[in-house]
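*Asks:* On the provided structure of chain A, position chain B as indicated by the hints.
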Amino acid sequence: MATRPSPRPPLTERLPWLLPMGFAVLLLGAWQAWVTLADIPAFLLPSPWRIAQTLVQDWALLWPAWWVTVKITLWAFACAVVLGMLIAFAFVQSRWLEAALFPYAVLLQVTPIVAIAPLIIIWVKDPTTSLVLCATLVALFPIIANTTQGLRSVSPGLLAYFELRGAKRWQTLWRLRLPSALPYVFTGWRISGGLALIGAVVAEFVAGTGGTATGLAYQILQSGYQLDIPRMFAALVLITLTGIAQFSALSAVSRWALAGWHDSEVAR
Amino acid sequence: MQPGEFLSLLGPSGCGKSTLLRMMAGLLTPTAGEVTVQGEAPTSAAARDGLSFVFQEPTLMPWATVAANVRLPLDLAGVPQTESDARVAEALAQVGLNGFGGQRPRELSGGMQMRVSIARGLVTRPRLLLMDEPFGALDELTRHRLDTDLLALWRAQGLTVVFVTHSLSEAAFLSSRIVVMAPRPGRIVDDIALDTPWPREAHHRTSPGFNAVVRRLEDALSAAGSDTHAHTSANADT
Numbered sequence: 001m002a003t004r005p006s007p008r009p010p011l012t013e014r015l016p017w018l019l020p021m022g023f024a025v026l027l028l029g030a031w032q033a034w035v036t037l038a039d040i041p042a043f044l045l046p047s048p049w050r051i052a053q054t055l056v057q058d059w060a061l062l063w064p065a066w067w068v069t070v071k072i073t074l075w076a077f078a079c080a081v082v083l084g085m086l087i088a089f090a091f092v093q094s095r096w097l098e099a100a101l102f103p104y105a106v107l108l109q110v111t112p113i114v115a116i117a118p119l120i121i122i123w124v125k126d127p128t129t130s131l132v133l134c135a136t137l138v139a140l141f142p143i144i145a146n147t148t149q150g151l152r153s154v155s156p157g158l159l160a161y162f163e164l165r166g167a168k169r170w171q172t173l174w175r176l177r178l179p180s181a182l183p184y185v186f187t188g189w190r191i192s193g194g195l196a197l198i199g200a201v202v203a204e205f206v207a208g209t210g211g212t213a214t215g216l217a218y219q220i221l222q223s224g225y226q227l228d229i230p231r232m233f234a235a236l237v238l239i240t241l242t243g244i245a246q247f248s249a250l251s252a253v254s255r256w257a258l259a260g261w262h263d264s265e266v267a268r
Numbered sequence: 001m002q003p004g005e006f007l008s009l010l011g012p013s014g015c016g017k018s019t020l021l022r023m024m025a026g027l028l029t030p031t032a033g034e035v036t037v038q039g040e041a042p043t044s045a046a047a048r049d050g051l052s053f054v055f056q057e058p059t060l061m062p063w064a065t066v067a068a069n070v071r072l073p074l075d076l077a078g079v080p081q082t083e084s085d086a087r088v089a090e091a092l093a094q095v096g097l098n099g100f101g102g103q104r105p106r107e108l109s110g111g112m113q114m115r116v117s118i119a120r121g122l123v124t125r126p127r128l129l130l131m132d133e134p135f136g137a138l139d140e141l142t143r144h145r146l147d148t149d150l151l152a153l154w155r156a157q158g159l160t161v162v163f164v165t166h167s168l169s170e171a172a173f174l175s176s177r178i179v180v181m182a183p184r185p186g187r188i189v190d191d192i193a194l195d196t197p198w199p200r201e202a203h204h205r206t207s208p209g210f211n212a213v214v215r216r217l218e219d220a221l222s223a224a225g226s227d228t229h230a231h232t233s234a235n236a237d238t
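Top line first, the protein sequences correspond to chains A and B. Per the numbering used here, the very first residue in the first sequence carries number 1; after that it's consecutive. Per the numbering used here, the very first residue in the second sequence carries number 1; after that it's consecutive.
Here chain A stands alone, though its shape is the one from the complex (with noise of 0.2 angstroms):
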């Protein structure tokens, strides 16, 4: 959408990105300095220059690795999406449904994902398909909860007006609810983004022994073994990247669909 060319706005705003980058330099300096100058060893804590040294040295170690965990990280969070959203879709198909299955749902969520990991991962044979399974677990409650509420979320004069035009269920579903549910599908999925990654992560440190294929949670258990603290921090360092890269996407995606229509999104 175009934006008005009102007086120039405020520099936070132009560059959202100009203030925590500013931040990040002022920490990562500071940290730098504290290390530098108190002398401390890099087994204790690395300075971000050793972190970011580790991270071009050990690349053929570390990328496979990376791969392995964003795979399993976008399959997770794509069935959790699937799966979630279906189960919304029945949700509001029938109150009775969601009255009997809600609990379980809420069930999934409060149970510790490192308690269940390890009899997924004997139950299920294939390694790689049993971390997607533990992460999906992990992922799948917020996209259930906030889509089950978008869907329910519709203008009663709407919902009339449908009714009132003979519409068939699925017409209201895919015309009426949907749309409506947007925004709240969209805060789902940035919620559920973020935990596919760490129960990717998580799951992994459980199952301790990837098989043949080895993600980054596994690096960092081994670094830990190894005392190796810089490969550690930068296999953590990793992690987060690909968090906040998951993130971002995620947010474009929102504002692409809701612009020009949604009060969240449309140019103030």
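Incorrect hints may have been included.
Pairwise CB distance ranges, derived in the manner of DEER restraints [claimed, not checked]: (1) P112/A / T142/B: 57 to 63 angstroms; (2) L26/A / G96/B: 55 to 61 angstroms; (3) S109/B / A30/A: 52 to 58 angstroms; (4) G14/B / R95/A: 27 to 33 angstroms; (5) Q93/A / V79/B: 24 to 30 angstroms; (6) M1/B / V253/A: 48 to 54 angstroms; (7) Q109/A / G136/B: 44 to 50 angstroms; (8) P3/B / R95/A: 40 to 46 angstroms.
Simulated from the structure, these hints should not be mistaken for laboratory data. For each residue, glycine too, the CB sits at the ideal point set by N, CA and C.
*Replies:* This is chain B only, laid out in the frame that chain A set:
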């Protein structure tokens, strides 16, 4: 009621005028008796095709363009795109919104949003148009303009309109017949046929004939009001 009439249902809140309109549309079912629209139950497909309902609010889909909002009833009925495009353009032209098809509802004023809502009502080419206080939330000037345009549409299209309002002057300006209703219990207290000639222009609002109609409506409503009063006090005595 007769085909081609412009019938206003006039009365204070709670007299059942909106309820009556919703029963005509099949949104509510009467507790006793039955409603027929052109000999059919209002919920039947045939009746649905023949009538359109315009709500108090524009009730537009904020994510869809004006054209997509107007096309909605055709989409729901499965009308092919090539045909619906032409009918959408026609309906937008009828309400004076040529060239606004690509805009989103929030970019339009309240009056224009109401025009979109009316276009959505017209696009199915109904014989009967049911309107539930459609201009109640608009400022007076906008309301006058929409009233005038609605009359022109009604005459040009040969529509039958049932128009719910609580504005005496709006009812007097628009109608060929006014049914005055009163609350507690909801009932009809007067049924007035207006013989004011057409077309009615804006200056009709200041003519003596117009004022006489408003006076008669006022009398009917206040008589009904005092009637209700006497009723309650009689009950209190017993």
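*Asks:* Each hint should be assessed against the structure and marked as holding or not.
*Replies:* Tested hints:
Take P112/A and T142/B: their Cβ atoms lie about 59 angstroms apart, and the range 57 to 63 angstroms holds. For the pair L26/A and G96/B, the supplied restraint of 55 to 61 angstroms holds, since their beta-carbon distance comes to about 59 angstroms. Against the hinted window of 52 to 58 angstroms, the Cβ-Cβ separation of S109/B and A30/A comes to about 54 angstroms, which satisfies the hint. Checked against the given bound of 27 to 33 angstroms, the beta carbons of G14/B and R95/A, roughly 31 angstroms apart, stay inside it.
The hint said 24 to 30 angstroms for the Cβ distance between Q93/A and V79/B, and at roughly 26 angstroms that hint holds. At about 52 angstroms, the beta-carbon gap between M1/B and V253/A stays in the expected band of 48 to 54 angstroms. For the pair Q109/A and G136/B, the beta carbons lie near 46 angstroms from each other, so the given range of 44 to 50 angstroms is met. At roughly 42 angstroms, the beta carbons of P3/B and R95/A sit within the given window of 40 to 46 angstroms.
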